[in-house]
Structure formats: structure tokens, C-alpha cells
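Novice: Turn these sequences into a full structure, and let the hints steer you where they fit.
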Amino acid sequence: MTHLLPQPATEAPSQIGAVAGAPAPRQRPRGDRVWWRHLIGLVALVFALFPIVFLVSAALNPVGTLSTTSLLPDGVSLNNFAKLLSDPNSPYLRWYGNTLLICGVSAMLNVLIGAGGAFAFSRLRFRGRRAGLITVLLVQMFPNFIAVVALYLVFIQIGSVFPAAGLNTSLGLILVYLGGAMGVNTWLLKGYLDTIPRELDESALIDGATSGQVFFRITLPLAAPMLVVVGLFSFVANLNEILLANVFLTDTSQKTLAIGLFGLVSGEHNTDYGEFAAGSLLAGLPVVLIYLYLQKYLVKGLTAGAVKG
Amino acid sequence: MHSERIARVSWMRVVFIGAVVALTIFAVPRLVSQHAWIALGVAVAVTATLIYVYLSPKRIAARYLIPGTLLLLAFQVYPVAYTIGTAFTNYGDGHRMSQTQAVSELEADSVVERPGAPRYELSVATKDSVSTGPIVFFLTDPQGRVERGDSHGLTAVPDAQVTKDPDTGKVVRAPGWTILNGIQVNARAAQLSTFAVPVEGGFIKSVGLSEAFIGERTLRYDVATQIMTDTRTGVAYRPKAGTFVAADGSGRVLPIGWKTDVGLRNFAAVVTDPSIRGPFLRVLAWTVAFASLSVLTTFALGLGLALALDHPRLRGQRIYRSLLLLPYALPAFISLLVWQSMYNKDFGLLNRLLQTDIDWLGGIWTARGSILLTNLWLGFPYMFLVCTGLLQSVPSELKEAARVDGASSLRVFRSVTMPLLLVGIAPLLIASFAYNFNSYNTIKLLTDGGPFPPGNSTAGNTDILISYTFRLAFGGQGAQYGLAAAISLFIFMLVGLISFAGFRRTRALEEVYAA
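Top line first, the protein sequences correspond to chains A and B.
If you read the first sequence in the numbering used here, its first letter stands for residue 676, the second for the next number, and so on.
If you read the second sequence in the numbering used here, its first letter stands for residue 1482, the second for the next number, and so on.
Worth flagging that the hints you see were computed from the coordinates, not collected in a lab.
We treat Cβ as the ideally placed atom computed from N, Cα and C, and that holds for glycine.
One thing to keep in mind: the hints can contain errors.
Covered, in the sense of this in silico footprint (three residues per stretch, anywhere, with C-beta under 8 Å from a C-beta of chain A), are these stretches of chain B [as the list claims (entries may be wrong)]:
hint, region
1, 1558-1565
2, 1647-1654
3, 1778-1790
4, 1801-1812
5, 1933-1944
6, 1966-1979
If you want the footprint, here are the derived chain A segments under chain B, 3+ residues with CB under 8 Å [as the list claims (entries may be wrong)]:
hint, region
7, 850-858
8, 967-973
Specialist: Below is the structure:
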């Protein structure tokens, strides 16, 4: 797709004309030449959408196998959805519930903890502030999956005291995911808080507010758009997480959507494909809709340095 | 900066502290009964710190930092520190236990049956947990007497305390114990092979699921000299780097080793051992190529599209943007599995659409190309969104001014737009590189590292460092946890360096273009 790159050059002659001092008569021909932009856009759309169209087609495919699925649906049936929801070997609704619980709770706490850290680093002055910021960034860079063995041992111990938070529990996995809450989120939110005028909280302090009131009543509401973006990124990151979830959740009923659906296609590749596609569609659709709804804020969050997929 | 005027304690803090104290009160008796003194100390210290921080009017910054810091310490710093520690050991399959344990398992493993000795009817039993509880044997001798054996010896069991099978005499029920069934016994076969009950003149070992014999050890350990002797051949084995090595120069080793410090041997092996250095360098090269090509292709396509679709007279820009967002919005694990199925040789969409018969993920270069194509699909919407946002934030006065000064459109792009865009995007490109460098899911879900070169099942042709390391640590054959930890330390330093260099370079860019 590198052929897209030279395009500013093709625009050059008309622009030179504009600089030469005759912009008005040039406008019509330039307007006419927008078609090639549409052409590029359409090619990009085909590339971007064909796997998604294929996924929808597979989900609606009456036969439900990979080999019978074509790019465009050649029949519409809800067989796959019915099969998915009734298959005793894949308790899809349980997986859905587990995923919502794990990702939802950890996203909310991630945001709260990250915002707390960001508030302290942005608004408060204390000893070890700079060192703390750098440490938080550094610790994140260790590929922490390799610490799985150590985490496993930690959770055997935790499980022997609090069985509800041990291995094979949603709460245990949430705790693992929260280990990274004071990381990238803190940096991202600190950057955002730095742009919010300090005068706001200073005047509140003069009016007798406590720092807690400033945090909960002024800072958090002002940072709301960014908190939503960070929460969404955290939700999706954990939704995609298969490595730790696979080690921690071994019971079929405790699994998340990602490892459950992975199991559906990694076994018999051809025959369960419709079920996998139906399950993926139901799992992916809400996320896609939220992304579209929050599009405006996403770009802000993205340029602030958040990376996903 | 902020200081509490009056020592007010909000209800939220009261609830929080109450919950912490309740959890501690719940945990303490359990920790005491398990003799987990270190954990107990940690729990008490944490609780005391939390109470102090949340009730003291002075520690305001700590209030916001402590929950995150504690979670960070417990679930990141401690496991990572533990892992770094193992990088200096030989921890892994065959080297999991202490030397004392290894000696007793080797000795138990070496028991051979005494010819002509009677066999026992055996029931394997345990307590608490079927899969991890301590093993005991319920043994019924040919005369029908029942004895219970553990790793310390035998205890006679009166008939009244157990229920026996009337035909075989095998114990089928013993109050206080769980008798394991065949499947459960099988699941613990590895442990049973090194379990022996010491008795006068020998050891009792299990054979099959329900029989036991009495026999003699053929390996004997001398604590004073640390030498293990094979009583049948007379060969002496000396301890060396976590293994018993035959002293006769044959190079034979005993099958069970122990965990021991090996200093920098794991790090040295990456550099000097050709069987590790070769695959490691190959994987490293592909990791760097994969990460940089992913960044380059996604950035090129994203920027190109952003330039093409960012035009005042172009209609439908919002629709383009929304639809091009979709690959980014769909959770990546789903997209990866869909792409993986599209590449399928027999049933996949690509071969059917193109009328080809290519094993996309089976050939080295087609697999690498496929991975890059999928990663381009996953990543270009992000670059497109970011570039569009940055392009629109370039002040139009700057471009106007350049044009008024006589710059061509290309020149405006090269000298005004592009530099400003680069300042904004450079840190994101670096972050994207670091992200792709460790993009485990992409490799795991598409190729799982394959195709593998003949004779090497640990380093595939599309493995990146992180998937290779994961296989080293937890892979099917011979987990080498110490080596894997050493390599992750290397990944850590590499990613850290790249990020550090990136931040410095970003700052340099900002200074250059600050005006």
C-alpha cells in the first residue's frame, strides 16, 4: 500500500497554481479531483471490512462450518447462535458473565487507582516523587508473564487463606490485573491532569475543601472523558488477555470469552466455526459500538500515548 | 501542598479501614494455623500501614498512592524479583527441588523388587486434596493384616478402623482418608514413582494401581562425602551443578537433579552455547524485523490514508473514519482467530477466493508475510486515527504563511506538516514498537511460532522473543525456567533501552521544533 504515499506530490501542481495567485478559478477543477481520494478510501474500506464481513457471514451461515462459509452470507440463519447458547460443553453465557465481571471490575478499579496515582504525582509534592514516577514506568517494562510461576505460588498461598481469591477464581485474576494499575494509566492520566488548571483546586482548598473532596468532586469529574478512555482501554486489554487467564482459570465454567472461544476453534477447526463466529460477534459487537460512540474521545486518548492492538 | 485544615475523617475512609481490618482479623487465625509466619508478618505490617496512612492527617500523598503501590508490589514487583532470582539458578524440569529431596527421590526411585518376596494389596490414599495432599499407602499383606505406610515407615492398622474388600483384602474405606480411584492414582504417577515406604531391610513401592512390593535400593547416598553409589555396578556419582555425574568419566548423570545457583551460566549460555545462541539470534532478528516492519507498514498506510481522506471538500469523511475504526474496535483476539482461519490451507477463505492452494501459515516466508499483513490490518486504523488527529491540529496559519512565502505544497508538507506530525507521533511510534516487540497474542493465535525447523521444537520460524521465552519456560518438553528468566531479563533491558532512547529522542525533537 506504499503507492498511497506519493499522493501529496500529485496535489502539488494545483497548489503551486494557488500560490501563484489565482485561487478562485482553480477551485472547480480541484474539487473535481476528489474522486481519487474516494477510490483510495474505498480500497481501504474493502481491506478493513472483508474479515469482518466474513465473520458476520460465518455467524449467519446455516451449515456452521468453515469450509461452507463464503465471504458474503448465502443464507441467513440463527442456528449457530442457538447451538452456541445450548451447547453444554461451552457455557457461553457463563463466559460472558465472567468476562464482564473480570474486565468491568478491573477496569473501574484500574481507573480509580490510576487516577489516584496521577492526582498525587500531578498535584501533590512529596519526597520520592520523581523516583516514584520513573519506577512505575520501569516496572511495567518487564514482561510480567514470565513471572507467572511466582504469581502462581503467590495465589496458592492466597487461596489457602481466602479461597474466594485463589486460583481458578475471577477475583484472583482481577487482583493480578490490578497489579499493573499503577502503570501506564498513571502516566497517561497524570499528563491529562497536568493540563487542568491548578487554580480550580487551589480555590476549592481555600474555600475549605479537603484534598479528598478536591479529588472526588473536582479532579475526577473534570478528567471524566479521559477516565472513560483509560477505562475502555483497560477493559479491552484484559478482554484480549489470554496468557494469564489461561494459566489461572482452568475450570470450563470459570473461563473468559477469549480462552473459551479460542478453545472452540483450536480443537476441531472446521465444524465448530459457526459457533465461534456467533460467539465472537456477540462478544465483539458491544465493544465496537462503544468505540464508535466514544470516537471523539478516543483520538484524544490515543494521541496522549495509549497504545492498544 | 494540600493540607487538611481540620482532622476530618470521611465515611469512605472509615468503611475502607473497616474492611481492611475485617479481612486481617479473618486471615490471622488461618495464617497462624498454617505456620505462615512471613505472610502473617506482611499482613500485619500492611494493615498497620494502611491504618496509619488513612488516619494520619499528614500522609496525604500516600493515601492516593498506597492501594496501587501495594498491588504493584504484590503482583508485579515481587513476582518479577523472584523471577530475576531464578535467572541465576538452573530451575526447570529435572531441577525443581532441593538436593535433599532429590537424593531421597533418587533413592526411592532406585528400589528394585526382591525376588520371591510377597506382594501387598495396595490402596493409595490421601487427605485434604486429591491432587496435592500427602500420599499414604494402605497395605494388606497375604495374611490379611493391614498396615499404613508413609515416607517415615509403617503403622499397624486394626481391622476395625478400615473396610476391606472381602475378596482381595484391599482397603476400600478408611475414615479420615480419601482412597484414590484409578484415574486419581494415575494422575499422581510421577509422584508415586519416587515414593517409597522405608521398612526394615528395604522399601515398599507401588507397582501398577493396586499392588506393592518390598525391595532394595540400588542407589545409596553418603551424606559425609556427598557421593551417590550404584550398589550393583559400584559406580560413584558426584554432585555437579545440580546433577549427580558419574565419576568414571562416562558422563552419565542420574535422572533427578536439584535447584541450585549457577551464577551467570544462563546468561553465558545465550552467548556461548551454539544450540541456544543460534535459535536465540534467529528469533531476535525476526522480533526486531517484525516489530519495526509492523510499525513502518501501519504508519505508512495510516498516514497515507489520513492524507488522502483529510480534505475539506471530501464528503463522507466521518463515515470513512467510523468504518476504518472497525478493525481497531473489534477485540484483537477475535480478529486474530478470524485471520488464522482465513489462512487455513484446506478450508480457508483466502485460498478459496484466490483459487490457490497455498499453505499460508506453513511456509516460513508466507507465514511471516501473513503475520505482517494481519498486524497491518490490526494496527493501521490506530495510525490513521492518530495521524488524522495530528494533521488537523497543525495550525493552518503556519501552512498559509509558508505558502505565502512561496513554498510548494510538497515543500509545505515536508517542512511544516511532517515535522509537526513527527513530534506528535514519535513517542507513539516508539510505544508501538515496544508493544509489538512483546505482542504475544499475535504470534500465539496466528502461528504459535510455527513452522518449526526440523529437529527444533522450541524456536519456531515466526517466534518472537516473548513467545520463544514462554515456550522455554512452560513448553511441553523440558521446561528451562532459569534460562527463560535470563532471557526475559534481556527483553526487559532491551525494551527499557528502546523506550529510554525514545524518550530522549522525543525530547530532542520537541526542542528542535519548539519554536
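Novice: Quick check: the region 1801-1812 of chain B, covered by chain A? Criterion 3+ residues, Cβ under 8 Å.
Specialist: holds (count 12)
Novice: Checking C-beta pairs, does the region 967-973 of chain A have three or more residues closer than 8 Å to chain B?
Specialist: holds (count 3)
Novice: Three residues or more, CB to CB closer than 8 Å: is that satisfied between the region 1933-1944 of chain B and chain A?
Specialist: violated (count 0)
Novice: Between the region 1558-1565 of chain B and chain A, are there enough contacts, at least three residues with CB-CB distance under 8 Å, for the coverage claim to hold?
Specialist: Holds, because 6 residues of the region 1558-1565 of chain B bring their Cβ atoms closer than 8 Å to Cβ atoms of chain A.
Novice: Does the region 1966-1979 of chain B contain three or more residues whose Cβ lies closer than 8 Å to a Cβ of chain A?
Specialist: holds (count 6)
Novice: Quick check: the region 1778-1790 of chain B, covered by chain A? Criterion 3+ residues, Cβ under 8 Å.
Specialist: Holds, because 9 residues of the region 1778-1790 of chain B bring their Cβ atoms closer than 8 Å to Cβ atoms of chain A.
Novice: Apply the coverage criterion to the region 850-858 of chain A and chain B: a residue qualifies when its Cβ sits closer than 8 Å to a Cβ of the chain, and three qualifying residues are needed.
Specialist: holds (count 8)
Novice: Please verify the coverage claim for the region 1647-1654 of chain B: does it have three or more residues whose C-beta sits within 8 Å of some C-beta in chain A?
Specialist: violated (count 0)
Checked against the numbered hints above, the structure violates hints 2 and 5; every other hint is satisfied.
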